[in-house]
Amino acid sequence: NSSIFRLLKDLTVFFLFNSMNILNDSVFFYLFIYHLLSHNKSHRLCNHYFLYTFFFIYLCFFSIFCFALTLFFSHFLCFII
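Going by full-length UniProt numbering, the first residue of the sequence shown is number 1, and it counts up by one from there.
Check the hints yourself; a few may be wrong.
Computed spacing ranges between beta-carbons, pair by pair [what the hints assert, rightly or not]:
1) Phe72 with Val27: 17 to 23 Å
2) Phe67 with Leu8: 18 to 24 Å
3) Tyr52 with Leu11: 35 to 41 Å
4) Phe72 with Leu7: 17 to 23 Å
5) Tyr58 with Ser2: 36 to 42 Å
6) Ile4 with Phe67: 23 to 29 Å
7) Ser3 with Leu71: 19 to 25 Å
8) Asn21 with Thr53: 17 to 23 Å
None of these hints come from the bench; they were simulated from the model. Here a beta-carbon is modelled for each residue, glycine too, at the ideal position from N, C-alpha and C.
Construct all of the structure, not just a fragment, from the sequences and the given hints.
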């Protein structure tokens, strides 16, 4: 009985983490496509550096946030089950 609950808990954490990663990738993808579509000759180089720095910081923080949230939920489900 406990092994079924453990499997259920692992699957829940796995699907939660995957949905977070898909959300992260889709937001990053849409931002990048928007940047490519709005690309024109009047862009300055500093705008590119700002955008790429923003993308990098966003990805780092969101990945850390997803990892922490997954750990929290796995421990939370451990205490419940």
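To see whether the hints hold, each was checked on the structure:
1. Phe72 with Val27: 17 to 23 Å: holds, 21 Å
2. Phe67 with Leu8: 18 to 24 Å: holds, 21 Å
3. Tyr52 with Leu11: 35 to 41 Å: holds, 36 Å
4. Phe72 with Leu7: 17 to 23 Å: Holds, at about 20 Å.
5. Tyr58 with Ser2: 36 to 42 Å: holds, 40 Å
6. Ile4 with Phe67: 23 to 29 Å: holds, 26 Å
7. Ser3 with Leu71: 19 to 25 Å: holds, 22 Å
8. Asn21 with Thr53: 17 to 23 Å: Taking Cβ atoms as reference, Asn21 and Thr53 lie about 22 Å apart, which means the hint holds.
Going down the numbered hints, you'll see the structure goes against none, and every one checks out.
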